[in-house]
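In order, the protein sequences belong to chains P and G. Under our numbering, the residues of the first sequence are numbered 1 to 264, in order. Under our numbering, the residues of the second sequence are numbered 265 to 528, in order.
Check each hint, because a few of them may be wrong.
[To be verified] Derived DSS-like pairs: lysine-lysine, alpha-carbon spacing no greater than 27 Å straight-line: (1) P:239 to P:58; (2) P:58 to G:322; (3) G:440 to G:322; (4) P:237 to P:109; (5) G:501 to G:322; (6) P:176 to G:440.
Please keep in mind that the hints were generated in silico from the structure rather than gathered at the bench.
There are 2 protein chains.
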Amino acid sequence: MKESSNHKTPQEIRGEIRQGRLPGVTAGLAPGYTQANLVILPQEYAFDFLLFCQRNRKPCPLIEVLDPGQTEAVTSAPGSDIRTDLPSYRIYRDGSLEREVTDISEFWKDDLVSFLLGCSFTFEEALIRAGIPLRHIEQGTNVSMYITNIETASAGVFSGPMVVSMRPVHRSMVVKAVQVTSRYPDVHGAPVQIGDPQALGVRDLARPDYGDAVEIREDEVPVFWACGVTPQAVAEKSKPTLMITHSPGHMFLTDIINESIAAL
Amino acid sequence: MKESSNHKTPQEIRGEIRQGRLPGVTAGLAPGYTQANLVILPQEYAFDFLLFCQRNRKPCPLIEVLDPGQTEAVTSAPGSDIRTDLPSYRIYRDGSLEREVTDISEFWKDDLVSFLLGCSFTFEEALIRAGIPLRHIEQGTNVSMYITNIETASAGVFSGPMVVSMRPVHRSMVVKAVQVTSRYPDVHGAPVQIGDPQALGVRDLARPDYGDAVEIREDEVPVFWACGVTPQAVAEKSKPTLMITHSPGHMFLTDIINESIAAL
Chain P
1 MKESSNHKTP
11 QEIRGEIRQG
21 RLPGVTAGLA
31 PGYTQANLVI
41 LPQEYAFDFL
51 LFCQRNRKPC
61 PLIEVLDPGQ
71 TEAVTSAPGS
81 DIRTDLPSYR
91 IYRDGSLERE
101 VTDISEFWKD
111 DLVSFLLGCS
121 FTFEEALIRA
131 GIPLRHIEQG
141 TNVSMYITNI
151 ETASAGVFSG
161 PMVVSMRPVH
171 RSMVVKAVQV
181 TSRYPDVHGA
191 PVQIGDPQAL
201 GVRDLARPDY
211 GDAVEIREDE
221 VPVFWACGVT
231 PQAVAEKSKP
241 TLMITHSPGH
251 MFLTDIINES
261 IAAL
Chain G
265 MKESSNHKTP
275 QEIRGEIRQG
285 RLPGVTAGLA
295 PGYTQANLVI
305 LPQEYAFDFL
315 LFCQRNRKPC
325 PLIEVLDPGQ
335 TEAVTSAPGS
345 DIRTDLPSYR
355 IYRDGSLERE
365 VTDISEFWKD
375 DLVSFLLGCS
385 FTFEEALIRA
395 GIPLRHIEQG
405 TNVSMYITNI
415 ETASAGVFSG
425 PMVVSMRPVH
435 RSMVVKAVQV
445 TSRYPDVHGA
455 PVQIGDPQAL
465 GVRDLARPDY
475 GDAVEIREDE
485 VPVFWACGVT
495 PQAVAEKSKP
505 TLMITHSPGH
515 MFLTDIINES
525 IAAL
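Just chain P, same shape as in the assembly (with noise of 0.2 Å):
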């Protein structure tokens, strides 16, 4: 299925996921477009949230905010459905994880404001066509995440520590690393630290907070990026009436072009 889904657009792999017909996880479709995680929240948390992304840009780089009650991304991706376009969402209420559902159309208000941020997709391709093999990928785990001591920036109700995403590289690819992902500033961008976890506050990156571990080799280097787990776990701690994500994984196609996003 993944790989007739190489040739065809955003667009229309949306469409196949709208009618249910590619229930996983969305890596490795439409490479080299931009996929993007979600996080909808009733609208009087919606000031406070977008005050939070705009202040911790490397954990939450935003792509697009929809208008609230608005449920087409307009600018990202023109003739989507927010509610439909994802093979998997999250219901939370009051902060707890409630259950998980292929459509939100019934959980939908006009009082909804969805935000679509960046996702470590687009830099994870630019560093493989660079030569930086990815472990995780190689092993098709998920990449390891651990929750640091760095704080974000708080806004209104908004406040934790920032989680980063860590990627083994070759000690001689490390420079190359910071290059290719420096040019990516909507999706995480530069890495937040290279080569040590107690700076960050992780004592062993063989017991991730979230994902799995992978093993760093003698010549390689442990990479931190600041990751798109970070808004989640935020607003979740703020324990919102109401809150829909997208499930880890299944993220939302847009028609943008990685490329058209790089920095320089």
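Could you slot chain G onto chain P? The hints should help.
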């Protein structure tokens, strides 16, 4: 006065402005540090305006947004007071300029939200350092600004055309000008147009909508950048009950080092 101010920190200069000892424009003060445009709006407009800035990052690059009622720019200028640290402010009521003042303490309310937006001083300094002279600075006039046919992406009550600034660049230096300003996305970034005023709906370069006209020599190309007048013009048009801005050229001095916000 300005000569001696060149060796002072932004914090020291804000202190002098607060005491009324630096009443003029801030161009040339604290070279190497980022200066910012200011827009203050009541909280009822804050989500829409923040969303407008998010959707129009070239004309409206956000440096910092203060919490409702907050008067200190805690991130970009610790110890500052937004009510006293600019040499001149404009007070608008229902979209009309009411008056200019040097202190807005008497207008302050706990529901006001202050937006600091990037200003072209930063990239002009970089252009000059790269050997690209700027005529309006040499002649001591204001940069030429034009209302274009480019519609901004609207947000709530905020909408309107993009305003651009124009600088004549020698044809041999146009590529360099693009490269240099591309490094500063937080202060308007790369040009929006090169050499074709008609494409922007600008009919007569000799008659700018704001600022002063400058000569364009035969071996020069007019280069257009998104302009920080855009958010003010757009906000003014929506006729908010109250809006406070800096007076043209009388900017807010931050502690941010220009090079620290460069993209690469």
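Residue 176 (chain P) paired with residue 440 (chain G) [C-alpha distance capped at 27 Å]: OK: residue 176 (chain P) and residue 440 (chain G) at ~24 Å, within 27 Å.
Assess, step by step, whether the Cα of residue 237 (chain P) is no farther than 27 Å from the Cα of residue 109 (chain P), and give holds or violated. Answer holds: residue 237 (chain P) to residue 109 (chain P) is near 22 Å, not above 27 Å.
Given the hint that residue 501 (chain G) pairs with residue 322 (chain G), does the C-alpha gap stay at or below 27 Å? The given pair, whose Cα atoms are some 19 Å apart, holds under the 27 Å limit.
Is the hinted pair residue 58 (chain P) and residue 322 (chain G) satisfied, with a Cα-Cα distance of at most 27 Å? 18 Å, holds
Are the Cα positions of residue 239 (chain P) and residue 58 (chain P) separated by 27 Å at most? 23 Å, holds
Assess, step by step, whether the Cα of residue 440 (chain G) is no farther than 27 Å from the Cα of residue 322 (chain G), and give holds or violated. 19 Å, holds
Checked against the numbered hints listed earlier, the structure breaks none of them; every hint is satisfied.
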